[in-house]
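Chemist: Fit chain B to the known structure of chain A by using the hints.
Protein chains in written order, with my numbering: chain A, 1 to 244; chain B, 245 to 488.
Think of the hints as simulated: they come from the structure by calculation, not from any bench.
Some clues are possibly wrong.
[Claimed, not checked] List of simulated lysine to aspartate or glutamate pairs, DMTMM-like, C-alpha gap at most 25 Å:
{"hint": "1", "chain 1": "A", "residue 1": "Lys205", "chain 2": "A", "residue 2": "Glu180"}
{"hint": "2", "chain 1": "B", "residue 1": "Lys324", "chain 2": "A", "residue 2": "Asp87"}
{"hint": "3", "chain 1": "B", "residue 1": "Lys285", "chain 2": "A", "residue 2": "Glu107"}
{"hint": "4", "chain 1": "A", "residue 1": "Lys41", "chain 2": "B", "residue 2": "Glu351"}
{"hint": "5", "chain 1": "A", "residue 1": "Lys80", "chain 2": "A", "residue 2": "Glu30"}
{"hint": "6", "chain 1": "B", "residue 1": "Lys324", "chain 2": "B", "residue 2": "Asp247"}
{"hint": "7", "chain 1": "B", "residue 1": "Lys449", "chain 2": "B", "residue 2": "Glu424"}
{"hint": "8", "chain 1": "B", "residue 1": "Lys449", "chain 2": "B", "residue 2": "Glu422"}
{"hint": "9", "chain 1": "A", "residue 1": "Lys80", "chain 2": "A", "residue 2": "Glu31"}
{"hint": "10", "chain 1": "A", "residue 1": "Lys205", "chain 2": "A", "residue 2": "Glu217"}
{"hint": "11", "chain 1": "A", "residue 1": "Lys80", "chain 2": "A", "residue 2": "Glu204"}
{"hint": "12", "chain 1": "A", "residue 1": "Lys80", "chain 2": "B", "residue 2": "Asp331"}
{"hint": "13", "chain 1": "B", "residue 1": "Lys285", "chain 2": "A", "residue 2": "Asp103"}
{"hint": "14", "chain 1": "A", "residue 1": "Lys41", "chain 2": "B", "residue 2": "Asp347"}
{"hint": "15", "chain 1": "A", "residue 1": "Lys80", "chain 2": "A", "residue 2": "Glu202"}
{"hint": "16", "chain 1": "B", "residue 1": "Lys285", "chain 2": "B", "residue 2": "Asp347"}
{"hint": "17", "chain 1": "B", "residue 1": "Lys285", "chain 2": "B", "residue 2": "Asp247"}
{"hint": "18", "chain 1": "B", "residue 1": "Lys449", "chain 2": "B", "residue 2": "Glu275"}
Model, not experiment: these values are computed from the prediction.
Take a look at the letters that make up each chain.
Protein chains: 2
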Amino acid sequence: MADYTLYYWPLPFRGQFVRAVLAHVGASWEERDVDAIFALKDAEPAQQPVPHMGPPVLIDNAEDVCLSQMPAVLGYLGRKHGLIPTDAQAAALTDKLVADANDLLYEMTLHNGAQMWTEQSWQAYLPRLGRWMAIFEETGRRHGLTPEAGSMLGTEAMGIADLATYALWGTMIAKLPELEPMLVTTAPAVAGLCQRIAQRPEQEKLRRDSDSAYRDEWCGGQIGASLRAVLEAKQPHGAPRSQM
Amino acid sequence: MADYTLYYWPLPFRGQFVRAVLAHVGASWEERDVDAIFALKDAEPAQQPVPHMGPPVLIDNAEDVCLSQMPAVLGYLGRKHGLIPTDAQAAALTDKLVADANDLLYEMTLHNGAQMWTEQSWQAYLPRLGRWMAIFEETGRRHGLTPEAGSMLGTEAMGIADLATYALWGTMIAKLPELEPMLVTTAPAVAGLCQRIAQRPEQEKLRRDSDSAYRDEWCGGQIGASLRAVLEAKQPHGAPRSQM
Chain A
1 MADYTLYYWP
11 LPFRGQFVRA
21 VLAHVGASWE
31 ERDVDAIFAL
41 KDAEPAQQPV
51 PHMGPPVLID
61 NAEDVCLSQM
71 PAVLGYLGRK
81 HGLIPTDAQA
91 AALTDKLVAD
101 ANDLLYEMTL
111 HNGAQMWTEQ
121 SWQAYLPRLG
131 RWMAIFEETG
141 RRHGLTPEAG
151 SMLGTEAMGI
161 ADLATYALWG
171 TMIAKLPELE
181 PMLVTTAPAV
191 AGLCQRIAQR
201 PEQEKLRRDS
211 DSAYRDEWCG
221 GQIGASLRAV
231 LEAKQPHGAP
241 RSQM
Chain B
245 MADYTLYYWP
255 LPFRGQFVRA
265 VLAHVGASWE
275 ERDVDAIFAL
285 KDAEPAQQPV
295 PHMGPPVLID
305 NAEDVCLSQM
315 PAVLGYLGRK
325 HGLIPTDAQA
335 AALTDKLVAD
345 ANDLLYEMTL
355 HNGAQMWTEQ
365 SWQAYLPRLG
375 RWMAIFEETG
385 RRHGLTPEAG
395 SMLGTEAMGI
405 ADLATYALWG
415 TMIAKLPELE
425 PMLVTTAPAV
435 AGLCQRIAQR
445 PEQEKLRRDS
455 DSAYRDEWCG
465 GQIGASLRAV
475 LEAKQPHGAP
485 RSQM
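If we strip away everything but chain A, and leave its shape as in the complex, we get (with noise of 0.2 Å):
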């Protein structure tokens, strides 16, 4: 039996967070399919393991605990597996930055495609986007991080700031690289640390998987054809696509 079990769409988006995770500490783990996540996430609450809403739902299956919503999920992985500092104002910004990257998320996709993009809004919500890479850039750089070197709270080892900042932006530039030139620029401290941790085998082995499965989906659904569409007619920067 695999160490864990994971229910989350065949998509990266969230499910990235935690599987970026798992190859991180050399876990294996067995992913559902959509058949099971929706007869899982449609189940009465009191029939379902863990009573959530919807997925990621992660099982650890030598502890028998099952647990929803990423930023637990993670918190979990972390103190498990000593990717959590110890220092209480450390342990604090890792969870405030994964509640960062979850917020985001969100916005990205219009709350789960609540709304679609329009190249008006999308424009509109550009100078944000460009806020929160300066947050995650700002506070990797107060922690020591520069392009070359560091990590996002100043540990020698990484930690789930780290992964989650990986899972959020290196996912994202990877999926939709019409940001990226956007992220070198108004972050590259954080630009730099995705591209050492994309590196390492066993996230470039994660990656490889992912690219097979979800090919260039990155949040899927109408929502992400939509996202798409806004990135290739119009660049962040103003240049339109043929340029680039």
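Modeler: Chain B only, in chain A's frame:
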């Protein structure tokens, strides 16, 4: 100097989670006014005590710790004041319930007011609100919570899981009383827990202070008015207001 300094809008909503915990531990705190919140929130990330997008922001004055993100603030206060179980699964379930609460606050305000409620969209949403209630109820029941006694995770003393449950559902039905019958029917054990916590002297005092400062506001803004309009137009159980 107060133990803590809190930056949050003069509203319950996410801020009440932090206030309920501060009141519970008997901490003193000072709240900054709206001008100070705007000045902090609009500053460049490099100028902010913690790089962040918006309130709540909490400063622990003695420890010189500054945090944003309600879930991170609750995690910090919970660990500092012994309000998070030491058991790994129970600690992660605490994070999970706080993340659930945070998601529900987004949903009830259509992602902080990105859209407005209509009678139709609100009626379509009600089953999902009921499911959130059932998720909290089932979680508590599994740990021995009844309408008369117990706690969300079976702990002897109240913890963050209980205080967050109260700050979510207890505040919601106090400010949007049209929803109380639905909570009592769907989640009687949660409703009982909220009532017991509300009767504690420190929470009674907090509620008196908050009522006097924020009147009948819950989330504020146009979305708050929109929410009140659909609630007053139609009771969740279908009875017009005049018959209640």
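Chemist: Compare the structure with each hint and give your call.
Modeler: Structure-based check of all given hints:
no., hint, verdict
1, A:Lys205 to A:Glu180, "holds, 21 Å"
2, B:Lys324 to A:Asp87, "holds, 11 Å"
3, B:Lys285 to A:Glu107, "holds, 18 Å"
4, A:Lys41 to B:Glu351, "holds, 18 Å"
5, A:Lys80 to A:Glu30, "holds, 19 Å"
6, B:Lys324 to B:Asp247, "holds, 13 Å"
7, B:Lys449 to B:Glu424, "holds, 21 Å"
8, B:Lys449 to B:Glu422, "holds, 24 Å"
9, A:Lys80 to A:Glu31, "holds, 21 Å"
10, A:Lys205 to A:Glu217, "holds, 18 Å"
11, A:Lys80 to A:Glu204, "holds, 24 Å"
12, A:Lys80 to B:Asp331, "holds, 11 Å"
13, B:Lys285 to A:Asp103, "holds, 16 Å"
14, A:Lys41 to B:Asp347, "holds, 16 Å"
15, A:Lys80 to A:Glu202, "holds, 19 Å"
16, B:Lys285 to B:Asp347, "holds, 22 Å"
17, B:Lys285 to B:Asp247, "holds, 22 Å"
18, B:Lys449 to B:Glu275, "holds, 16 Å"
Every hint, counting from the list given before, is met by this structure.
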